[in-house]
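Make one complex out of these two single chains by using the hints.
Chains as they are written, first to last, in my numbering: chain A, 1 to 651; chain B, 652 to 1019.
Just so you know, the hints here were simulated from the structure itself, not pulled from any lab data. Please note that a few of the clues may not be correct.
In silico lysine to aspartate or glutamate, EDC-like type, Cα no more than 16 Å apart, as pairs [what the hints assert, rightly or not]: (1) K235/A / E218/A; (2) K3/A / D1015/B; (3) K8/A / E781/B.
Below, a sample of chain A positions facing chain B; criterion: calculated Cβ distance under 8 Å [unchecked claim]: (4) E9; (5) V13; (6) T15; (7) R17; (8) M18; (9) G22; (10) V33; (11) L36; (12) Y37; (13) L39; (14) I41; (15) N44; (16) N54.
Every residue gets a Cβ at the ideal spot worked out from N, C-alpha and C, and that includes glycine.
Residues per chain, in single letters:
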Amino acid sequence: MKKRKEQKELSSVMTRRMVMLGIGQGVLGTLLVGRLYQLQIAQNESYRRLSDNNQFDQRLVQAPRGRILDRKGRLLAGNSEVFELRMLPSRIKNPKAWLQRVSRLITLKQEDIEEILEKIADQPSFLEVTVKSNLTQRELSRLAVLSPVLEGASFQKSYKRIYPQGWMTAHVTGYVSPVNKRDIEGQPDLRYLPETRIGRTGIERKMEPDLRGLFGFERVEVNAKGKPVRVLRDKQANPGADTYLSIDIEAQSFATERLRRGRWQAVPVHRAEVQEALMQDAELRAHVAMGDDLVLKDEKGRLVPPESGAVVVMDIQTGEVKVMVSTPGFDPNLFSNRLSIRDWQRMNTHPRTPLLNRAITGLYAPGSTFKMVVLAAALEAGVISPSTQYECSGAFEFGNRKFHCWNERGHGFINAEQSLERSCDIYYYQIALKTGINRIHDMARRLGLGDVSALGLVSEKQGIIPNRDWKLAQRGVVWTPGETVVAGIGQGFVLTTPLQLALMTARIANGASAITPSLVAQNDPQITSAFAPLDVPADIIRFLHKGMRKVMAGGLGTARKYDIAQGIAGKTGTVQVKRITKAQREKGIVDNIDRPWKERDHALFVAFAPYKNPRYAISVVVEHGGSGSSAAAPIARDILDFMLATDGVSA
Amino acid sequence: MILRIFQLLYRLPWLLLLSVGALVMVGTLALYSASEGAWSPWAERQMIRAGIGAMLLVVVALIPTIWLHRLSYWGLAMAVVLLLVLPFIGTGTGATRWIEVGVFNFQPSEPAKLAVIIALARYLSSQTPEQVQSLISYLPVVLMLGIPFSLVLIQPDLGTSFMLLTGGLAVVFAAGVPRRYVVSAMVLAAAAAPVLWSQLYDYQKARIMTFLNPEADVLGAGYQITQSKIALGSGGLFGKGFLQGSQSQLNYLPEKQTDFVFTMIGEEFGFIGNLSILLIYFAILVSVMLISLRCQHRFGRLACMGISFMLFLYIFVNIGMVTGLLPVVGAPLPLISYGGTAMLTVFIALGVVVNISIYKKVQDSDFY
Chain A
1 MKKRKEQKEL SSVMTRRMVM LGIGQGVLGT LLVGRLYQLQ IAQNESYRRL SDNNQFDQRL
61 VQAPRGRILD RKGRLLAGNS EVFELRMLPS RIKNPKAWLQ RVSRLITLKQ EDIEEILEKI
121 ADQPSFLEVT VKSNLTQREL SRLAVLSPVL EGASFQKSYK RIYPQGWMTA HVTGYVSPVN
181 KRDIEGQPDL RYLPETRIGR TGIERKMEPD LRGLFGFERV EVNAKGKPVR VLRDKQANPG
241 ADTYLSIDIE AQSFATERLR RGRWQAVPVH RAEVQEALMQ DAELRAHVAM GDDLVLKDEK
301 GRLVPPESGA VVVMDIQTGE VKVMVSTPGF DPNLFSNRLS IRDWQRMNTH PRTPLLNRAI
361 TGLYAPGSTF KMVVLAAALE AGVISPSTQY ECSGAFEFGN RKFHCWNERG HGFINAEQSL
421 ERSCDIYYYQ IALKTGINRI HDMARRLGLG DVSALGLVSE KQGIIPNRDW KLAQRGVVWT
481 PGETVVAGIG QGFVLTTPLQ LALMTARIAN GASAITPSLV AQNDPQITSA FAPLDVPADI
541 IRFLHKGMRK VMAGGLGTAR KYDIAQGIAG KTGTVQVKRI TKAQREKGIV DNIDRPWKER
601 DHALFVAFAP YKNPRYAISV VVEHGGSGSS AAAPIARDIL DFMLATDGVS A
Chain B
652 MILRIFQLLY RLPWLLLLSV GALVMVGTLA LYSASEGAWS PWAERQMIRA GIGAMLLVVV
712 ALIPTIWLHR LSYWGLAMAV VLLLVLPFIG TGTGATRWIE VGVFNFQPSE PAKLAVIIAL
772 ARYLSSQTPE QVQSLISYLP VVLMLGIPFS LVLIQPDLGT SFMLLTGGLA VVFAAGVPRR
832 YVVSAMVLAA AAAPVLWSQL YDYQKARIMT FLNPEADVLG AGYQITQSKI ALGSGGLFGK
892 GFLQGSQSQL NYLPEKQTDF VFTMIGEEFG FIGNLSILLI YFAILVSVML ISLRCQHRFG
952 RLACMGISFM LFLYIFVNIG MVTGLLPVVG APLPLISYGG TAMLTVFIAL GVVVNISIYK
1012 KVQDSDFY
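Excised from the complex, chain B in its bound form (with noise of 0.2 Å):
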């Protein structure tokens, strides 16, 4: 027994445990510095979750994997539902995004990327190499991405749903779809481009022309990507020090504490802090991927695979927004930014990638 459980320890993917738990950890420093040197309202919290969320990771870690293949089509199909419902019993300000629980607000697209992620891969590894050439097997990829897809997009959250859009296509990628359906995919994606264009909202519109101009209109919409290079780029090396930054501390620095937070560490700890959480990141996304190589069967190697996407893409799509390389869109900073439902969701991912670094003599033939 004991020496299952070493077995096991030594078996956990440590690089990644590790790094997931400094990020937990500068996450907090950078929260605490948010309320301008307190715990509440947010570092405290953001502990919290941590706690149940590394609870939660061990669970998923540690149920047979074969469990979680049987769940994904149920977690997808929850997901939808959510998000259907979400209209009905949801809140926001000028979208519906979240819903209420008690004190706590639940965001619906968060864990629908994963389920996405996760139920494509079960798809996808359940094809043969003959359905995986043909056009018929994509079917059902279309309606499971589409789905979701569509529901997040009329909440209306064009950020999320082009990243849960973009993560499932990566999958769909990796899984061998020939280049024939992706040349043409790209094409068609080119041609409905300016459709698309046409139905967005006015703000929606507002923001991608103001990523494209931003110092058009400083104290409007390009006020928050402005002050956001502003307080990176006073940063310097070195940074301003720990609750020294200006802009943040000043309060010109919007969302501080959720979608900026990467630039309030950029101010007040520098390109010498940035560079460590891009290492950090790093270190995280290598070792999803490795595993993700290593594993035996199709269904493991594609959920990580699609679960390091996910991950990578959050965090190009924050950095990216908060540099100005892309329009302002909600993307959280994994582990770090303020937010329940998005820390839980990476633990989860997380739990699942744990999961499939552990039980490695699994093989495709199990599930079925």
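If we strip away everything but chain A, and leave its shape as in the complex, we get (with noise of 0.2 Å):
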């Protein structure tokens, strides 16, 4: 009896126990529903994201930068494809290790790892880094080979920029260059654009907003391993704008080589006379290292580099600027990706400084190519008639000090024509200091020089055109006479650009117009007409017109041998770059050929063509190049005949 109790107690104690384990299940049951209630529907949003961030890698895709062409629509500056390697340093744990390790498949050196390890150590993990652009075929097969193993790499398509004219357009186009950290701080965005490229000078800086374009956006499905698996493009990424020039490649080619090979021969340079020349003349091996290989010999038989300086042809018409040649140049490809340190020191120590743009950069005292600004300034300022004669004796008393002219014989008794033709020093140290610097700075003024064009070339200097304020608010001192003799033929505080050069007798050859320079192609036919009026009386111009043109054509016009068949007006200038002293003077001048290269006069010449009907006007300034008149006309005058002919304009 008890036991049947006690067996009826046992199970109904066992039911209940049943019971209570099946309501603990239940309340964690319960306890699961709750779970998955909260995170499938209370938090849903949140981790739908944290889904979609581990489906797909953001990535921004570059734009191509806009192609820079010359006004023919020939490249200047273009991309070519290039295949590079990144890495996403949020997929690797030692990406020390990883570079060690991919160093051993692709050339990276000590250097461009720890650079890599900077950039990894300065920006978010999630961000890529290149390791390599421009892979060259073998690297990329031998990657390819690895990249099962290699997680976090990822090759990307990018776009390498190219100056298919090299040094050519260098100074012209100027270059691009990576991304700093100087320009994430200005611009945040470019973090997230490693590998936009940003144009440093030229044309590359000027137009950067318009050349960068808008980058895309994707997403690239990836997988847990980081392998890439479809690519969603969310936005295509807009091209940057192609950017036409007023450079005619082909008159910059022919100008440019003209330029460099001034009055000299060519030399193969592997004549056994070249390589010994290299062996003992630091600044020929200088040159030949930049990986030009053109070496000239001049007239005492010495092999020397090609002639530096500087060439800018612009149309009288609309301003636009046709050649602009500075020599010696440099490639600008070698800034596109990241540039050696070898080749940034031989840009630097060299010494004729290639990465100098002359034409804009360059500043030259005009010499006597100023003449024409001193004549039309004493002209209007009526000091002087074009009948007016002054007597020349070969030198110029005034003070205590004396002016000489070129011609130390003397010019006689010479007119306003006449002064231009022979370019007599007298004449201009008479009406300059009759005309006071006032004036003459005045008239430059208004002729273009002084001021920086509206070219927007950051790297554009604006010269030197001194009056008594400028003085007195530069140097502290009154302006003194003698300082405005000087200036009567272009010497002394006047400095000027090769650009400005060009725009004042452009503007001379005008006439009517204050034209003013500028690098991009106008299509528009109506572009005078935005110009304003230039100011100078056209009695005036006229005579300037006349006597440039005696230069070239009169019987003893400083370069009368160069005339051509279209007429050429022009005025030679020949610029000293060490005084002369007294004792100099009294032994006899040394003649230019026989000086130190860096004591040589600097030739220049100013022209516009055709005489009749003016089309271009042309600027030469050879470095150290001599006279004026044999060193630079011959230049603007074989230059100017390319570009006629080419036009097909006949005498």
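As structure tokens, this is what we get:
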């Protein structure tokens, strides 16, 4: 009986216990349902976002940079497709070891690795870092074999900036280089575009906003190992706009070669005498090391590098710059990727500063090319008339100083027109004194000197056209008449750029409009009406034209040997870079060619052509080239001849 | 004869069997999706195993209950032997858990769980009410539970060993162990916890620490939990669609064919899909418990009770794990996860349940 009862009791205990366990299970089961509700319903939004983040690597797509073309659509700067290796730091545990491993497959210098590591430390780990752009075919195939085990690596098609004309247009196009830290400080958005190249000089810099384009946006579906599965384009990259320049590459290349050759003969670089000269001449060596194989032989039989200097040719109606040459040049392609330290040093230690754009940054005393300005100012002021004569005896004493004419024997009695033709210095000492520096300054400014132009290139120099206020402000002392005398022949304080000299000549040639230079092709035929009037009396302009024509065509013209059928009007300029002392003068002046290169005169020449119906204005500067008539004028003649022939302009 | 067959069919626990069928189907589809829409390597093999499992279920269901009772100790003995020889003939990465039998990986700890439950059911059901009250009669329980527990623990397989222990203790609890023992056992367990902790392997500690704070190491040990939660959470109410789960299809989700299969279903079929599975499990557990309550003999009641609890443990630990409620321990989702031993064990266990539900007239006294 008792057993029965106990049995029953145990049975009910068991049932109770089972129900307890069942209830416990029910509670825990409900907990699971609650948890699922929490994850899948309540927090669905945030988990969906996390899942998308997992699924997609968001990437900015580089926009191809706009091309730079010449006026006829020939390529000056473009893009070539290259493959580059990138790494995603967030998927790589030890980036240093990873890079070391990669460096066994591709050329990767220790300094590059350090730079990359620095970059990784600087930016968020979900941003890709370029390990190497411009992979060679061989590197690409080596990496491809290993890519399954190279976690976090990706290959990207990218664009490399190329300049097919190389150093021929280097100073016009300028160059681009990768985004650096300073750029990011200015524009934080750039940090997400590590592949962007930014224009540093020239048109690349000026037109940067147009050229860069708008980056696109894509999501790359990736699996858990970071391997892309498919790509969703959310926003197409918007390529940068092409820029058509006013430059005519045909004329540009002709002018470059012509300027470089100067008066001398080219010598094949492989000749024994060249190799010998290279051993001794550090300057020649620096020149050849830049990858240039033009070596010249001067009239004394010495081997010399090509001439350095500048040529600017402008359309006198539109102000378009058709030629802008500065030599020596450099290869802008070198900057597109990481510039090697060696190349950088080569360019920076080169004795003739290839990075300097002489056409707009080079400052030269205009010398006798300034005489049109002085003459115009004198005529306008009425201090002389075209028939006013002065006697040139070869020297001019003023105060206690003696000012010499380039022609020591003197020109005798000459009038205004003859003064230009023969470039008599005494005449200009006289009329400069009569006119006064302020009026000369005023005329120079009207003709486009002494200020930066509308080109918009940052490295452009404004030059110096002095007046009384300028002297007082800059030097703290008053202007002296002796300084006016020197300014009368474009020396002393006066400094101009080759571009300004071309502009001055173009304004004289145009006569009516104060045209402004531009490097961008002008398609608007009405452009001339947009220029302000020149505000120089027409009879003075006509007189200048006649005088400049005499330089070429007159029996005693300083450049009489260098006229062409269509007729050139020009002016030579020979600029001393070193004062000639009294002792030297008494001993007899040493010929340019016998002085050290650095002490030779600069050779200048400005001109416009055709004389009757002007199209082009040109300025040529040959650094330490000797006299303007023998070194610069023939270069200008050949370039004008070439360009007019190309245009089909006959006499 | 025909009448008897009809009677038998009528007495079958249909809800239970249909639910099992449904789960096998869901599991096959999930595995089809886990291999990115292919029958191989998992789905087709899972179906074959389910077929074998169904046959085992029928066999176990039809043999006389008394045979089960008699075989129970032998079953436990065999399980212990297998666990003992496992270190010498077994394989596994990091821990020795499997015996390779041809192409088939046999995992002795799975049937061990069932063997322990049935053996405990037999032992405890043989105790008189007085013996149930006395401490000395629990000594064999300690051995029957302690030996397989220890053997699984040293494999090492923390999760399975604790599930085995908990399942066994549930049977002991259901058998009517006096309340004072339950309380003192709990106190003892609490006291032993720190000692046990110090005995854990580093990776086991790491897993537990990870469980406590999975976001601390997203790409390391917390990766699985984090990705699993993302997959589940991004599934939402209706899911991303069959074969459309980005987490699963792009391999962010680890072990999606085994322990994390529930997550994959959740990503592709959403809250609705997960809830449906939970409802099917609920149907199975309730069926088994009802069979347990209706059973005339203590052996059957305890065996069914233990089996239902074991199934519950699997489900709870697995889902708790994938939802980040519990640490990551290897616990398959019954009848859905890819894994032969676990699936066959569940089929055999359900065979035992069906057996007990068919032979209703069996009494405790029939066993002796």
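For this session: With chain B as the partner, please determine if L36/A meets the hint condition of a C-beta pair closer than 8 Å.
Result: Cβ of L36/A sits 5 Å from chain B, so the hint holds.
Problem set entry | Hint status (Cβ of M18/A to nearest Cβ of chain B, threshold 8 Å) | holds, 5 Å
For this session: Hold the hint about I41/A up to the distance rule: shortest CB distance to chain B must be less than 8 Å.
Result: holds, 6 Å
Exercise. Taking 8 Å as the limit, does the beta-carbon of N54/A come near enough to a beta-carbon in chain B?
Worked result: holds, 5 Å
For this session: So, V13/A near chain B? Judge it on the closest CB pair being under 8 Å.
Result: holds, 4 Å
Problem set entry | Hinted pair K8/A and E781/B, Cα distance within 16 Å | It holds: about 13 Å lies between the C-alpha atoms, which stays within 16 Å.
For this session: Verify the interface restraint on G22/A: the C-beta must sit less than 8 Å from at least one C-beta of chain B.
Result: Holds, about 6 Å.
Exercise. Taking the least C-beta to C-beta distance, is N44/A closer than 8 Å to chain B?
Worked result: Status holds, d = 4 Å.
For this session: Tell me if E9/A is really an interface residue toward chain B, meaning its C-beta lies closer than 8 Å to one of theirs.
Result: holds, 7 Å
Exercise. Do the numbers back the hint for L39/A, that is, is its least Cβ distance to chain B under 8 Å?
Worked result: Holds. Min distance 4 Å.
For this session: Assess, step by step, whether the Cα of K235/A is no farther than 16 Å from the Cα of E218/A, and give holds or violated.
Result: Holds. K235/A to E218/A sits at ~7 Å (cutoff 16 Å).
Exercise. Is K3/A close enough to D1015/B, meaning Cα to Cα at most 16 Å?
Worked result: holds, 14 Å
Violated hints are absent here; each numbered hint is respected by the structure.
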